[in-house]
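Chain B: place on chain A using the hints.
Line order of the protein sequences matches chains A and B. Just so you know, we're using the numbering used here here: the first sequence kicks off at -10 and counts up by one. Just so you know, we're using the numbering used here here: the second sequence kicks off at 63 and counts up by one.
Source of the hints: derived by calculation from the structure; they are not laboratory data. Some hints here could point you the wrong way.
With a Cα cut of at most 25 Å, we get these calculated BS3-like pairs of lysine-lysine [claimed, not checked]:
#1 A:K27 x B:K164
#2 B:K132 x A:K27
#3 A:K6 x B:K164
#4 B:K118 x B:K88
#5 A:K27 x A:K6
#6 B:K88 x A:K33
If the Cβ cut is set under 8 Å, some of the chain B residues that face chain A in the computed set are [claimed, not checked]:
#7 K88
#8 N92
#9 L105
#10 H107
#11 F150
#12 I154
#13 D158
#14 G165
From the three backbone atoms N, C-alpha and C, an ideal C-beta is built for every residue, glycine too.
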Amino acid sequence: DAMVIQNPRYQVTQFGKPVTLSCSQTLNHNVMYWYQQKSSQAPKLLFHYYDKDFNNEADTPDNFQSRRPNTSFCFLDIRSPGLGDAAMYLCATSPGSHNEQFFGPGTRLTVL
Amino acid sequence: SQQGEEDPQALSIQEGENATMNCSYKTSINNLQWYRQNSGRGLVHLILIRSNEREKHSGRLRVTLDTSKKSSSLLITASRAADTASYFCAPIEGADGLTFGKGTHLIIQP
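Isolated chain B (complex conformation):
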């Protein structure tokens, strides 16, 4: 699968604020997935959004997908210290497996 490019590479906000990170990709996709990785641990799947969907919610997470712009965004509302992690997007097309970009490193300040 193709690699997504996350932006910004680093983001530091105060606890309680909202965090928004973006993902861009190059070619058409089957779906796009977001993952979180806490320091030194395995990845956790957050949300999968299909190419025919425009928005999806899961708890405090909101993901949008704009296939015309080949971009996606992940919004975390009311951030908590436990949200401190690296966030990766993975655009999924023909080939199996995830190809990750450098990620967005989110720090929630107390």
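Bound-form chain A, shown alone:
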């Protein structure tokens, strides 16, 4: 089945140790998004790629970076995780702007 896959599902890292979260899709969608969802809060958009064009939200910290080496894969890099970065990170894809989004199951990040 076509889907959005996130690996790993659970990630534990140490304070300040860089971590990379992975997202892949078999939907061949043009757009890929990363959202951060902290406990008991709504998901918050960090950035998205329309094809290779990167779009950063104004309030996304510089600590968060992203790469999209090809259509299928998108990575979220957290350069120096702080305790406040512990959250669920959700990847989503969409065939185009303003269309419905398809979400992966998320990666729950714990920062020790």
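Relative to chain A, chain B alone:
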């Protein structure tokens, strides 16, 4: 995109009853989308309603849109335990990406 405001923030009903939740937004939209999130999981798209549509159905779900009032409602009929989840609306305008409000947390009591 702008943020939708869901109301009520929490709703508890008996299994088999209907659940209605509302969404308000501030400026004109291209479309409005509803999503469901079960505890600790990713979001699932439920329905997209375009700005020129007034009502849309999908199975037990009915969504209405009133652009003059800048509001939408989601009705779930004959609720089931599996409908227990958080429900988010996302009004879509120019900028890409979804901006979520706090959601409506729906609990279906057996």
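Hints versus structure:
| no. | hint | in the structure |
| --- | --- | --- |
| 1 | A:K27 x B:K164 | holds (12 Å) |
| 2 | B:K132 x A:K27 | violated (28 Å) |
| 3 | A:K6 x B:K164 | violated (31 Å) |
| 4 | B:K118 x B:K88 | holds (21 Å) |
| 5 | A:K27 x A:K6 | holds (20 Å) |
| 6 | B:K88 x A:K33 | holds (19 Å) |
| 7 | K88 | violated (17 Å) |
| 8 | N92 | holds (5 Å) |
| 9 | L105 | holds (4 Å) |
| 10 | H107 | holds (4 Å) |
| 11 | F150 | holds (6 Å) |
| 12 | I154 | holds (5 Å) |
| 13 | D158 | holds (5 Å) |
| 14 | G165 | holds (6 Å) |
The structure fails to meet hints 2, 3, 7 from the earlier list, while all remaining hints are met.
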